[in-house]
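Chemist: Anchor point for the sequence shown: position 465 equals 465 in my numbering, and the numbering is continuous, going up by one each time.
The reader is advised that the hints may include incorrect statements.
Unchecked claim - If you anchor each label on the Cβ, the simulated ranges turn out as follows:
#1 I249 with V100: 39 to 49 Å
#2 S346 with T42: 49 to 59 Å
#3 S60 with L503: 20 to 30 Å
#4 W111 with L27: 20 to 30 Å
#5 Q372 with F426: 52 to 62 Å
Hints in this document: simulated from the structure, not taken from any laboratory. Quantities reported herein were computed from a predicted structural model and do not represent experimental measurements. Glycine included, C-beta positions come from ideal geometry on N, C-alpha and C.
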Amino acid sequence: MESENATPSPPAPHPATFPVRIAIRWLGVILLLALYSWVHVTLARQLISQTNHTDADILSADQKHNLKLTLQTLPDLTPDFSKGVSEPLKKALPHRTDGVVNPLWPWVAAWLADPQHQPFGDQEVTPQDRELFNRGRWFNVGLTLGFVILVGLGLSRVWSIGSTANALLLIGIGSFLPRAVYYQPEPLYFIFFTLTWITCLFALLRNSLWIYALIGLFSGIAYLAKGSVHPLLIVFIGVSTTRWLWGWILAHWPGKSGTSLWIYRNHFFGLALLLFVHLMAAGPRLAYSQERFGDPFHSYPGYWMWFDNFEECFSWMNQHGSRSSLEALPKSERPSFANYSANHSSDQMLTRLKDGVTVKLTDLLAPGSTKQSVKNPKPWKGIFEQRGWYLGAVLLICIGVGISSVSLGKKLPGRARLHPESTTVFLFVLGSFCAYTLAYGWYTPIGRGDRFMLSLYAPLVLSFFWASESMLRRARRRKAPRALFITYHTAQWLLFGALTWRLVEVWQYPVFRN
Numbered sequence: 001m002e003s004e005n006a007t008p009s010p011p012a013p014h015p016a017t018f019p020v021r022i023a024i025r026w027l028g029v030i031l032l033l034a035l036y037s038w039v040h041v042t043l044a045r046q047l048i049s050q051t052n053h054t055d056a057d058i059l060s061a062d063q064k065h066n067l068k069l070t071l072q073t074l075p076d077l078t079p080d081f082s083k084g085v086s087e088p089l090k091k092a093l094p095h096r097t098d099g100v101v102n103p104l105w106p107w108v109a110a111w112l113a114d115p116q117h118q119p120f121g122d123q124e125v126t127p128q129d130r131e132l133f134n135r136g137r138w139f140n141v142g143l144t145l146g147f148v149i150l151v152g153l154g155l156s157r158v159w160s161i162g163s164t165a166n167a168l169l170l171i172g173i174g175s176f177l178p179r180a181v182y183y184q185p186e187p188l189y190f191i192f193f194t195l196t197w198i199t200c201l202f203a204l205l206r207n208s209l210w211i212y213a214l215i216g217l218f219s220g221i222a223y224l225a226k227g228s229v230h231p232l233l234i235v236f237i238g239v240s241t242t243r244w245l246w247g248w249i250l251a252h253w254p255g256k257s258g259t260s261l262w263i264y265r266n267h268f269f270g271l272a273l274l275l276f277v278h279l280m281a282a283g284p285r286l287a288y289s290q291e292r293f294g295d296p297f298h299s300y301p302g303y304w305m306w307f308d309n310f311e312e313c314f315s316w317m318n319q320h321g322s323r324s325s326l327e328a329l330p331k332s333e334r335p336s337f338a339n340y341s342a343n344h345s346s347d348q349m350l351t352r353l354k355d356g357v358t359v360k361l362t363d364l365l366a367p368g369s370t371k372q373s374v375k376n377p378k379p380w381k382g383i384f385e386q387r388g389w390y391l392g393a394v395l396l397i398c399i400g401v402g403i404s405s406v407s408l409g410k411k412l413p414g415r416a417r418l419h420p421e422s423t424t425v426f427l428f429v430l431g432s433f434c435a436y437t438l439a440y441g442w443y444t445p446i447g448r449g450d451r452f453m454l455s456l457y458a459p460l461v462l463s464f465f466w467a468s469e470s471m472l473r474r475a476r477r478r479k480a481p482r483a484l485f486i487t488y489h490t491a492q493w494l495l496f497g498a499l500t501w502r503l504v505e506v507w508q509y510p511v512f513r514n
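Input sequences plus hints: build the corresponding full structure.
Modeler: Structural data, given as structure tokens:
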């Protein structure tokens with residue numbers, strides 16, 4: 001018999017309650033995505049009309065080079081199959097590079113160009129150039145908006161509304177939109193770099209072979225956009241191989257075997273599959289580069305790393321602009337770390353690295369804020385000028401949930417220790433951030449601007465939110481106190497309020513500095 005003091009079980013919810021709640025949630029998601037789309041397009045219109053719009057802008061920041069390669073790619077889109085199939089088909093794929101600009105963006109932009117568009121000199125901007133320039137920028141705006149909407153639909157299925165809203169604003173307005181108004185490959189690169197990062201995280205949690213193939217595909221496409229994805233792959237291979245070693249030790253250590261979704265036997269075959277798919281995706285570019293420069297992975301920026309300023313880089317590139325001149329150059333005389341270190345002291349190299357890292361971290365976290373005056377307003381330097389503070393807030397929320405989970409874990413049922421999967425994800429995120437910070441920091445004397453480190457912003461935002469939501473779900477399964485969830489959601493909506501207030505500030509004076 002039941003005790004008189006027994007707590008009665010709560011009544012089961014009415015079956016109609018769940019469809020209503022789901023419908024209300026998805027209605028909120030649709031409204032959120034619609035509102036974000038309006039904000040994205042409205043801000044893009046302001047940026048396109050006020051920034052990066054003069055002929056001097058078009059001639060700077062590699063944009064004219066991208067226009068030039070676009071027009072060179074234009075004939076590739078109408079292959080002539082009358083004399084064969086393989087050669088025209090190979091030319092129809094994105095492959096053409098000048099050793100600086102990779103082929104994906106010029107190939108995509110060529111579909112937007114007028115077939116009668118004639119190329120002119122490097123220091124001239126024609127009306128056709130301006131038309132294609134603006135068409136390409138609006139394409140980038142639509143491309144980034146579409147990607148953010150797809151991400152929002154995916155996240156809304158598993159994350160809270162507050163986390164989803166903040167993630168959309170930070171990756172879309174904080175990262176993608178500022179670069180979408182340029183005629184450059186960054187929007188394409190940012191998207192596929194982010195997809196590569198996400199699939200690497202999945203592979204560190206559960207290394208099914210198809211995930212390795214996706215990493216290879218996304219990283220190969222990212223390489224076609226910009227040749228900066230390989231450090232990410234190197235970090236992933238290093239961290240995942242460490243995870244393989246740990247799995248192998250557990251499998252062969254007496255009494256240490258256990259169950260895991262990460263299968264160490266898949267690892268090396270998975271890496272081979274990753275490299276195969278990556279090379280296949282990047283294959284047309286590699287073949288063309290081998291034919292033109294004598295090296296499938298030829299990249300002038302790869303040589304520029306070992307000069308002290310861009311003037312030296314430009315001069316060296318003009319002297320070695322052909323395959324014959326590159327092949328005639330002895331390996332001992334090619335720009336390299338060995339040659340650079342032979343002519344520079346360790347103090348000089350450390351100073352270059354330290355100064356460069358400082359510049360690049362400043363570009364990412366504190367690109368500059370406008371000291372606004374009510375009586376005499378000034379143009380804004382950017383939309384989310386305090387994006388470092390917003391990223392820090394997301395990290396603090398993540399750390400707070402982690403500390404709460406650990407401190408409450410001793411009192412909750414089903415307490416679990418830290419899994420190797422969690423450790424490898426942490427090492428991957430930290431290792432990737434450090435690798436790119438050091439690489440881009442070293443490159444600072446050659447290339448400045450926030451577009452380098454900004455590629456890390458969306459992956460970091462998604463990683464921190466992902467960790468927070470994962471730990472929160474684990475705490476929910478262990479029946480953690482309700483206060484933890486209230487605090488978490490309150491923090492998310494406070495961050496959303498800060499982001500919204502910043503947009504209101506911009507709306508009150510929608511003027512940006514060119």
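Chemist: A separate judgement is required for each hint: does it hold in the structure or not?
Modeler: Cross-check of the supplied hints:
The supplied range of 39 to 49 Å is met by I249 and V100, whose beta-carbon atoms lie about 45 Å from each other. Distance hint check: the CB atoms of S346 and T42 are about 51 Å apart, consistent with the given range 49 to 59 Å. Between S60 and L503 the C-beta distance comes to about 29 Å, which sits within the given range of 20 to 30 Å. The hinted window of 20 to 30 Å between W111 and L27 is violated, with their beta carbons roughly 36 Å apart.
Our hint of 52 to 62 Å for Q372 and F426 is violated, since their Cβ atoms are close to 39 Å apart.
Going down the numbered hints, you'll see the structure goes against 4, 5, while the others check out.
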